[in-house]
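S.K.: Could you build the full structure based on these sequences and the hints that come with them?
Protein chains: 2
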Amino acid sequence: MNFLEERIVKDGIITEGNVLKVDSFLNHQMDIQLFDQIGAEFKRRFEEKPINKILTIEASGIGIACVAAQHFKVPVVFAKKTQSINLEGEMYVAEVESFTHRCKNQVIVSQKFLSEDDHVLIIDDFLANGCALQGLIQIVQSAGATVEGIGIVIEKGFQAGGSIIRNLGYQLESLAIVDAMDEKTGTFVFREQKEK
Amino acid sequence: MNFLEERIVKDGIITEGNVLKVDSFLNHQMDIQLFDQIGAEFKRRFEEKPINKILTIEASGIGIACVAAQHFKVPVVFAKKTQSINLEGEMYVAEVESFTHRCKNQVIVSQKFLSEDDHVLIIDDFLANGCALQGLIQIVQSAGATVEGIGIVIEKGFQAGGSIIRNLGYQLESLAIVDAMDEKTGTFVFREQKEK
Numbered sequence: 211m212n213f214l215e216e217r218i219v220k221d222g223i224i225t226e227g228n229v230l231k232v233d234s235f236l237n238h239q240m241d242i243q244l245f246d247q248i249g250a251e252f253k254r255r256f257e258e259k260p261i262n263k264i265l266t267i268e269a270s271g272i273g274i275a276c277v278a279a280q281h282f283k284v285p286v287v288f289a290k291k292t293q294s295i296n297l298e299g300e301m302y303v304a305e306v307e308s309f310t311h312r313c314k315n316q317v318i319v320s321q322k323f324l325s326e327d328d329h330v331l332i333i334d335d336f337l338a339n340g341c342a343l344q345g346l347i348q349i350v351q352s353a354g355a356t357v358e359g360i361g362i363v364i365e366k367g368f369q370a371g372g373s374i375i376r377n378l379g380y381q382l383e384s385l386a387i388v389d390a391m392d393e394k395t396g397t398f399v400f401r402e403q404k405e406k
Numbered sequence: 211m212n213f214l215e216e217r218i219v220k221d222g223i224i225t226e227g228n229v230l231k232v233d234s235f236l237n238h239q240m241d242i243q244l245f246d247q248i249g250a251e252f253k254r255r256f257e258e259k260p261i262n263k264i265l266t267i268e269a270s271g272i273g274i275a276c277v278a279a280q281h282f283k284v285p286v287v288f289a290k291k292t293q294s295i296n297l298e299g300e301m302y303v304a305e306v307e308s309f310t311h312r313c314k315n316q317v318i319v320s321q322k323f324l325s326e327d328d329h330v331l332i333i334d335d336f337l338a339n340g341c342a343l344q345g346l347i348q349i350v351q352s353a354g355a356t357v358e359g360i361g362i363v364i365e366k367g368f369q370a371g372g373s374i375i376r377n378l379g380y381q382l383e384s385l386a387i388v389d390a391m392d393e394k395t396g397t398f399v400f401r402e403q404k405e406k
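Residue numbers (our numbering), protein chains in the order written: chain A, 211 to 406; chain B, 211 to 406.
Source of the hints: derived by calculation from the structure; they are not laboratory data.
Honestly, I wouldn't trust all of these hints.
You can't tell identical chains apart in this list, so a pair holds if it fits in one copy or across any two.
Said to hold, decoys possible - Derived DSSO-like pairs: lysine-lysine, alpha-carbon spacing no greater than 27 Å straight-line: (1) K283 <-> K314; (2) K259 <-> K290; (3) K314 <-> K220; (4) K231 <-> K322; (5) K231 <-> K291; (6) K314 <-> K291.
M.R.: In structure tokens form, the structure reads like this:
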């Protein structure tokens, strides 16, 4: 097990309906030393890529992206989930359909902050069905920029998002892939990942 | 002028209706090196305080809080603005009225992550009328925790929030206080702050 899998085993909670709760260290209370380890690991996995910008989505992706950005020494842009009155000028807008919630959401980035010169690392905390991620990829493409890679903290391997994104040819690195979890015993099965 | 005031003069844009836009470095695209300077300055200003937790509010406060937290070596908790289905258990809820937008919002933090043992630094990117901040203070008080201080990146000195919070006796440190700005000339008047 790597440092993140160990932390999930220690502090992750499986609740009714196979929901994984990691709100004590990842997406409500945030362990910044862990974020720094996550950032260093993303840097190691995308060492070869000419990344000049990190793109994430509000809200819980922002903290991880900002701490990771210190390892890449690049700025972060975060996509907003609804039209905000404080955004001016032209926007890239991706409409994404949530299969789970049966609703449509807009993912929005100002055109000022993404251009065809950008080589983008997309970072988010969770990958399940991949809706938000598909919206972010769509936005990078609208800008004519390049998706150099995608860094995810926890992927739910038993949902479709990861396969879809890998099938599209992207370098998707998930630091922990949960292939199964058992609510009754509180145990996890992580996908084995080759050490690179 | 300090480093932040210089950056506001360089990259801040004053738009119609006296709106200050700093989305190229603070709250849409985020300059992580600047955030690190901001974090170091908060650490200097709250050096004497026994801070063990940073509290912020989604979305744009999260990045600053996380980078600042590295200087304090403490975890960050971010308050959510609406009830989220992924939060379980008991919540601290503050209802805050937005004077400007004439609507009510809920600010929510799980009770698991704030207790009477906590000494909290509240961090946010902007202070104008202070609604969000009042909600965060209310939540810290509900938990029986102590507000050790409040760190703000940009305060709009021509709006009431700053005076209200200082009148209540809190140590409020705003790294730049904009007392006036002129849309036509694009110029700013910053409040003079004593070097501590």
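S.K.: Evaluate each hint against the coordinates.
M.R.: Going down the list of hints, with the structure as the test:
1. Within a single copy, K283 and K314 get their C-alpha atoms no closer than 34 Å, and across copies no closer than 39 Å, so neither meets the 27 Å cut-off.
2. In the homo-oligomer, the alpha carbons of K259 and K290 lie at most 27 Å apart inside one protomer (26 Å), although the nearest pairing across protomers, at 34 Å, exceeds that limit.
3. In this assembly of identical chains, the alpha carbons of K314 and K220 never lie at most 27 Å apart, being 35 Å within a copy and 38 Å across copies at closest.
4. With identical chains, the CA atoms of K231 and K322 are at most 27 Å apart between copies only, with a shortest distance of 13 Å across copies and 36 Å within one.
5. Proximity of K231 and K291 under a CA criterion of 27 Å is satisfied in both settings, with 22 Å inside one chain copy and 19 Å between copies.
6. Within a single copy, K314 and K291 get their C-alpha atoms as close as 10 Å, and across copies as close as 20 Å, so both meet the 27 Å cut-off.
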